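Top to bottom, those sequences are chains B and F.
Those letters in the first sequence? Residues 1 to 160, per the numbering used here, in order.
Those letters in the second sequence? Residues 1 to 160, per the numbering used here, in order.
Worth double-checking, as some hints may not be accurate.
Remember, identical chains collapse to one label, so a pair may be satisfied in a single copy or spanning two.
[Said to hold, decoys possible] Straight-line alpha carbon distances no greater than 25 Å define the calculated SDA-like cross-link-like pairs of lysine to any residue that follow:
| no. | residue 1 | residue 2 |
| --- | --- | --- |
| 1 | Lys160 | Glu37 |
| 2 | Lys160 | Thr79 |
| 3 | Lys24 | Thr132 |
| 4 | Lys42 | Phe25 |
| 5 | Lys42 | His147 |
| 6 | Lys24 | Leu134 |
| 7 | Lys42 | Ala127 |
| 8 | Lys120 | Pro61 |
| 9 | Lys24 | Arg135 |
| 10 | Lys120 | Phe27 |
| 11 | Lys160 | Asp82 |
| 12 | Lys24 | Ile157 |
| 13 | Lys120 | Ala9 |
| 14 | Lys160 | Ala39 |
| 15 | Lys120 | Arg21 |
| 16 | Lys42 | Gln156 |
| 17 | Lys160 | His70 |
| 18 | Lys120 | Gln5 |
| 19 | Lys160 | Ile17 |
| 20 | Lys42 | Leu29 |
| 21 | Lys42 | Ala28 |
It should be emphasised that the hints constitute simulated quantities derived from the structure, not laboratory data.
Please read these numbers as outputs of a predicted model, since none were measured by experiment.
Number of protein chains: 2
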Amino acid sequence: MTPEQTLAATAVNAWRIYLERAEKFFFALDDEQLQKEIAPGKNRLIYLFGHLIAVHDAMFPVLGLGDRRHPELDAPFLTNPDRTVPTLPSRVDLQRMWTEVHGALNEHFARLTPEEWLQKHTLISDADFAATPLRNRLSVMVTRIGHMASHLGQAQIAPK
Amino acid sequence: MTPEQTLAATAVNAWRIYLERAEKFFFALDDEQLQKEIAPGKNRLIYLFGHLIAVHDAMFPVLGLGDRRHPELDAPFLTNPDRTVPTLPSRVDLQRMWTEVHGALNEHFARLTPEEWLQKHTLISDADFAATPLRNRLSVMVTRIGHMASHLGQAQIAPK
Numbered sequence: 001m002t003p004e005q006t007l008a009a010t011a012v013n014a015w016r017i018y019l020e021r022a023e024k025f026f027f028a029l030d031d032e033q034l035q036k037e038i039a040p041g042k043n044r045l046i047y048l049f050g051h052l053i054a055v056h057d058a059m060f061p062v063l064g065l066g067d068r069r070h071p072e073l074d075a076p077f078l079t080n081p082d083r084t085v086p087t088l089p090s091r092v093d094l095q096r097m098w099t100e101v102h103g104a105l106n107e108h109f110a111r112l113t114p115e116e117w118l119q120k121h122t123l124i125s126d127a128d129f130a131a132t133p134l135r136n137r138l139s140v141m142v143t144r145i146g147h148m149a150s151h152l153g154q155a156q157i158a159p160k
Numbered sequence: 001m002t003p004e005q006t007l008a009a010t011a012v013n014a015w016r017i018y019l020e021r022a023e024k025f026f027f028a029l030d031d032e033q034l035q036k037e038i039a040p041g042k043n044r045l046i047y048l049f050g051h052l053i054a055v056h057d058a059m060f061p062v063l064g065l066g067d068r069r070h071p072e073l074d075a076p077f078l079t080n081p082d083r084t085v086p087t088l089p090s091r092v093d094l095q096r097m098w099t100e101v102h103g104a105l106n107e108h109f110a111r112l113t114p115e116e117w118l119q120k121h122t123l124i125s126d127a128d129f130a131a132t133p134l135r136n137r138l139s140v141m142v143t144r145i146g147h148m149a150s151h152l153g154q155a156q157i158a159p160k
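Here chain B stands alone, though its shape is the one from the complex (with noise of 0.2 Å):
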């Protein structure tokens, strides 16, 4: 590898550590696990659950890389609080959708190019992308690592 698709495979190994991590801790949620709060009053855990394929799918347009496989998502786990919609995909739906979502985006991770890691993302202008070039496809990835471990974190403290 040269050392451009070794600094972008390592931020890519990062983000696939992140996820099995996700994964395995939201995949082994029985339903009445799912339904814990990860402190009084605070997201359930089917919340944050879906709240990170929600936020996963929508990676595809933000990155150029095609259509969000479920916009239907972002009521329940994206632009409404807990609790506020009344019915939720259930386990089975969500960790089919968890794995949909995240197979077809990591087959893109492992082809994009260092070169194709730093273009702009889609939330960018061209003039302030100009200005700074930082804001690539790459931060749109760490960045993502960061939320995941943030609500991971959270879903870890809910009471067994």
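Start from chain B and add chain F according to the hints.
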């Protein structure tokens, strides 16, 4: 900047973004707020504050950038759980150590070349590194973004 430099700088920039968020959060807490638990029976905010300083201070030897500044933080914030060490540093001392450790760390981060980011860290053997070159200094830094985000996410759900 070369593509290598931009790739490394993008990751460093994500580190800075999360570090600034964490600093803004913890520096805004008064003594009473620092004593609050993130959730019933869980770590207090002061423990997470000191824990982040201790873990980031340990990055100097892990990354081969010099000695720890504050090894005395390990006992109260790293090797023992919260509430087992009777006397903790004051809020002002913690803020001072936070600024000192991150100031020095960020100076190193701004100077490291892409080739230096790709060198092995000190927790891995030469043989293991030869087999898994993604376990380099950059991987430590990106993984610490996840670690910091995880605890910041927990801290943010503490009762106000």
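Verification of the supplied hints:
{"no.": "1", "hint": "Lys160 - Glu37", "result": "both (10 Å within a copy, 18 Å between copies)"}
{"no.": "2", "hint": "Lys160 - Thr79", "result": "between (28 Å within a copy, 24 Å between copies)"}
{"no.": "3", "hint": "Lys24 - Thr132", "result": "between (36 Å within a copy, 23 Å between copies)"}
{"no.": "4", "hint": "Lys42 - Phe25", "result": "both (18 Å within a copy, 19 Å between copies)"}
{"no.": "5", "hint": "Lys42 - His147", "result": "both (17 Å within a copy, 21 Å between copies)"}
{"no.": "6", "hint": "Lys24 - Leu134", "result": "between (32 Å within a copy, 22 Å between copies)"}
{"no.": "7", "hint": "Lys42 - Ala127", "result": "neither (40 Å within a copy, 46 Å between copies)"}
{"no.": "8", "hint": "Lys120 - Pro61", "result": "within (12 Å within a copy, 35 Å between copies)"}
{"no.": "9", "hint": "Lys24 - Arg135", "result": "between (30 Å within a copy, 22 Å between copies)"}
{"no.": "10", "hint": "Lys120 - Phe27", "result": "neither (33 Å within a copy, 33 Å between copies)"}
{"no.": "11", "hint": "Lys160 - Asp82", "result": "both (20 Å within a copy, 20 Å between copies)"}
{"no.": "12", "hint": "Lys24 - Ile157", "result": "both (15 Å within a copy, 23 Å between copies)"}
{"no.": "13", "hint": "Lys120 - Ala9", "result": "both (18 Å within a copy, 15 Å between copies)"}
{"no.": "14", "hint": "Lys160 - Ala39", "result": "both (11 Å within a copy, 13 Å between copies)"}
{"no.": "15", "hint": "Lys120 - Arg21", "result": "between (28 Å within a copy, 24 Å between copies)"}
{"no.": "16", "hint": "Lys42 - Gln156", "result": "both (13 Å within a copy, 11 Å between copies)"}
{"no.": "17", "hint": "Lys160 - His70", "result": "neither (30 Å within a copy, 35 Å between copies)"}
{"no.": "18", "hint": "Lys120 - Gln5", "result": "both (18 Å within a copy, 16 Å between copies)"}
{"no.": "19", "hint": "Lys160 - Ile17", "result": "within (23 Å within a copy, 32 Å between copies)"}
{"no.": "20", "hint": "Lys42 - Leu29", "result": "both (18 Å within a copy, 21 Å between copies)"}
{"no.": "21", "hint": "Lys42 - Ala28", "result": "both (21 Å within a copy, 22 Å between copies)"}
In this structure, the hints that do not hold are numbers 7, 10, 17, in rising order.
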